[in-house]
Structure formats: structure tokens, C-alpha cells
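> With chain Y held as given, fit chain S onto it using these hints.
Listed in order, the protein sequences are those of chains Y and S.
Going by numbering that gives the first Met the number 0, the residue at position 135 of the first sequence is 134; the numbering climbs one at a time, nothing skipped.
Going by numbering that gives the first Met the number 0, the residue at position 103 of the second sequence is 102; the numbering climbs one at a time, nothing skipped.
By construction, these hints were calculated from the structure, which means they are not laboratory data.
Built from N, CA and C at the ideal position, the CB exists for glycine as well.
Be careful, since some hints might not be right.
[Claimed, not checked] Chain S is nowhere near these chain Y residues, computed Cβ spacing over 10 Å in every case: (1) Ser-10; (2) Val-164; (3) Ile-254.
[To be verified] Facing chain S, a subset of chain Y residues (Cβ under 10 Å, in silico): (4) Ile-98; (5) Gly-99; (6) Pro-102; (7) Tyr-108; (8) Ile-139; (9) Asn-234.
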Amino acid sequence: MALALGGYFSSGSNVFTTSLVTVQSWFSSRFVALQEFLTAPRDMASLRQRNTELEAEVSELQAQVIQLQQEVGETEILAALVDFQTGSPENTYRAAAVIGRDPSPFLQYVIINRGSNDGIQRGMPVVTNQGLVGRVDAVIADAARIQLITDPASNVNVRLQNAEVDASLVGSVTGDVTLDLIPQDVDLERGDLVLTSGLGGGYPPDLIVGQVVNIRTSDIDLFQQAAVQPVVDFNQLQIVLVIVNFKPVDFSPLIPIP
Amino acid sequence: MRNLIAVPVILLAVTLQSAIVSRVTLLSGIADLPLVMLAAWAMQEEVETAWHWAIAAGVLVGFVSGLAWFVPVLSYLFVIALAQVLQRRIWQAPLLAMFSITFLGTLGLSFFSLAVLRFSGITLPVVDVFGLVTLPGILLNMLLAVPVFAVMRDLARWVYPAPEVE
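The shape of chain S in the complex, shown without the other chains:
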């Protein structure tokens, strides 16, 4: 039952992404709220699994976006995998891990999107894309990372309350 919390949270994140976050641009880059949210959720110690979150968020973003549906699904799964690896290695500095996941996840999503667009016949100039879309997107995601991490930590503590010690 606890996993069902993913449904309203992801719906809210994708709605906010499409309605608000996508309109706030830095050069041509935008933040990716579902990506940052997934990274923050997967970083929480209380959370048992976040794979289904990635699939649900990816399918929903793929449904809204003109990109092929598997691009966000696979990218978000990559973010969860990254979070699980980094959480074990730098567990003493969760914010550092969060920034690392956000950075690598945004890079991964960008290059995967570029590759898929190229296969579908849309060739974009890589240097321009990196300077005008990817780097500003990374910066915006980093800015979003701290508040989103705090919100997801509170959510995780609410969903998975710590057992009372007698």
C-alpha cells in the first residue's frame, strides 16, 4: 500500500513539470523535476525500492512528451540504479550523492535523447545542445535538488515512519 503514494506524487511532479517547470528556461535548458524527484526518493534510507517509481514517471513523461516513451523510462531507471550505487558508496554525504546523481542523470538523459533523436532522423548540433540545453539544465536541476531532497526526505519519513524504541 505504501507504494501507492508514488501515483499522486508522480502525477503532481509531471503536471508541475509540464505546466510550470518547462516554461522556466535558462538559455534553452529546463529543469527536470521528475528526474530530481526520483533521485531524491531513491536516496532516502527508508525507501525499499524505487524502480516502479521510475517506470511510472517515465511512462507518464513519455506520454506527455513528443520523445519516444522509452527514453524517459530508461533514463529514469538509470537514475535509480545510479542512486542505489552511490547511496552505498557515499552514504555519509547524501547531498553530495544527490548532486552527483542529478549531474550524471541529466547528462545521461540528454545524451540518450540526442541519440534517439538522431536515430529517428533529427540531427541536432551536439556542441550547441551541450552549451545551450544540457549545461543550463544541469544547473537548474542542481538548484532544484536541495529543496526537492528535503521534501522527499519528509515524505519518506511520513510514508516509512521509524519504529518506536522502548
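Here chain Y stands alone, though its shape is the one from the complex:
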């Protein structure tokens, strides 16, 4: 004790403790390695199981997010349509979902999920909150076919808001719409707003159709033409409004038979 207290054993005790620590470290590291070796398979299995559960949960949550985003999108569309409806109280609207398109590439028609059971009749105009879509072409009990204004056979009487002149809007096989029968003396400008004129009784007046984007004038032609950008994106049509209190005028009996 006296020798130890005097520091005479310090070098010996250092060697002893160092050796002891080394041996203990060696045993400890081997034990940990052995423990990991024995327990790792069980942990891997449980981790894999947990990972699978979490992946399934993530997939489920992602599906819910997509569904909710879709519902939010539909709600936004419906809210816009309700706003539009309240802004035009003179018309009575019936909302319908677009469920298909015409199987022929030459025609621009869509199918909606409302028919004669919902009061839809042939000739009724169809709109969205953005503007004119087309009109009802054929009806069955629970569905109807809508001829879009982009259809090659479509012909809508319109007016240019700034120029206060009437014209005719025709569709095409590619879905582009063109203004025709514009007198040569009319000063057209890009961005002019195109509205329905109500002439002919096929559509109610003052429905927004689109904007003039390109003007084609030639001195040798009787009329000017202009390309129109419709306000409605016909590739993204999901929900439309049918104006059910509008009765189109049928003037075919007045047309003389040749």
C-alpha cells in the first residue's frame, strides 16, 4: 500500500489496466459482433415487414391525395359554374358531365350524361363558365350528344364586340374556328372579343365565344376572315351547363323547297 501510494507501482498498474482494457475491448467487440449476427436476421425481417407496411400506407395516402386533388378540381369547376349561373339569372341551367367523345375523328362532338329525362332537348345551347361550347344535337333518355362549335358542320352567328359587326363562326376538322363573312371595310384587331349575336335563333345573344388571334385580308376576296381562339378549352371539357329554358327557333318551314 505504501509502495503504491508512493507511486512505485504506477508503471506496472498502467500495463495491467491497458492490457485489461484491450482484452475487454476485444471481448466486447466480439460479443457485439456475435449479438448482431444472432439478432440481425430477426431485425431485418421485422424492418422489411415494417417497410412494406409503410410503403403500403404511402401508396394509400398518395391515392387519397390524388383523389382529393381530383375532388378539389371538380369542386373548383362546380364553384365557377355556380358563380356563372348566379351571374346569369335569366337562364336556367342543367349541369352535365362529359362522358365521351365522338368515335369519328372527322366530327367534334361530345357525349354528356343528361338526356330527355332531365329536360334536355335538341337544339339547346351548351356553355361553361368560360363561354359557348355548342348545342345539343341528339338526345336519348339519359344522355345527349353535343355538337361543339369547333365541328366542321357548326355555324354560329356571332358579332364582334368592338366593331359591332355580325359575322359567321365556322369550325373545322382540326378543331380550329374561323370567323367568316366579315365585310372588308371593318377594321379588325387582334384581341377583339367574339360574342354570339342571337341572329337565327340558334343561340342566345351575348355568350362569349373567343378572341380574334389572326386576321386574313385579301383585296380580291369579298370578305375578311379571322382565326379565333375559343375561350373554352375543348380538350379539357369535364362539366358543362345546358341552357334548358332556351327554345331554338325552327325556321326550316319558312325555307322554300327548290
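Here is chain S on its own, set in the frame of chain Y:
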């Protein structure tokens, strides 16, 4: 009774055509699933007759479409006739025959539609229609031809199982 399988298959094809296929456009062309399906069905060796398939599909497409009802009916009958002729001549290469029928059938349907639309007062520019509608439509139908052919081959084998050889 085996012929009744045409009803659900054609209903499904026309529904898919209207709801999905018509929305997938290449330029302004779209694929014609009923046409490709009819061509693939008529190409199967086991199938005895496909005329009634063409009539049913044509009437249904004519009902959904704004085109005159007889356009798809006659076009699909043309496809079946084409399939029967080509099946006998190039029977060793069914996929080649399938592509040929799809190509000629789509062309036939396009030109017939154009002609009928012109008679009804809608004149479409032929060059634009060919470049923007018909050719892209042919390409899409060709792409559709291989998977549809495989599905219809399996369906034909299911409907007309081969007799067991002892």
C-alpha cells in the same frame, strides 16, 4: 351461343373508344378500337364468321357518332371482307395481314366518311384531312394492332377451344 360473346366485347370496345381512345389524339387523328378489334377477330383461324360482329359494332358506333349510321357499318363490313381475303392469301404471317387490314381498313373508313360528309354538304380539305387525321389515325391503329391481336387470339381460343387429340 358462342356468337353472343360479340355483345359484351363490342359494347366494351365502343365504350372504351368513346370514353378513352377518342381523347388520345395524334395531331387530329385518333385510333379506331372497334375497327382494329374486328380486324383481329376476323383474322383468327378458329372464328367461323365475323359479319354479325361488323354489323353490331357499326350500328353501335353509328348510334354514338354524329356520322351517318351506315358509314361505320359498311366500313366494318369492308374490314371483315378484307380480313377474309387476306387471311387466305397471307395465312403464314398473320401479323403482316393484320397490319395490312388495319392500314387499308382505316384508309377505307376515312375516304368513305369524307365522301358521305361531302354529300351531306360538309366539304373538308382532303390534303389536310389526309395529313392531320388519316395518317396519324393509321399510325395509332397500327400501334394498337399488336396488343389487340393478342387479346383477340386469346379470346378466340377461349370461345373456340381446340378439340382434344387422343
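> Look at each hint and say if it fits the structure.
We went through each hint and held it up to the structure:
no.: 1; hint: Ser-10; verdict: holds (85 Å)
no.: 2; hint: Val-164; verdict: holds (26 Å)
no.: 3; hint: Ile-254; verdict: holds (14 Å)
no.: 4; hint: Ile-98; verdict: holds (7 Å)
no.: 5; hint: Gly-99; verdict: holds (4 Å)
no.: 6; hint: Pro-102; verdict: holds (5 Å)
no.: 7; hint: Tyr-108; verdict: holds (5 Å)
no.: 8; hint: Ile-139; verdict: holds (9 Å)
no.: 9; hint: Asn-234; verdict: holds (8 Å)
In this structure, every one of the numbered hints holds.
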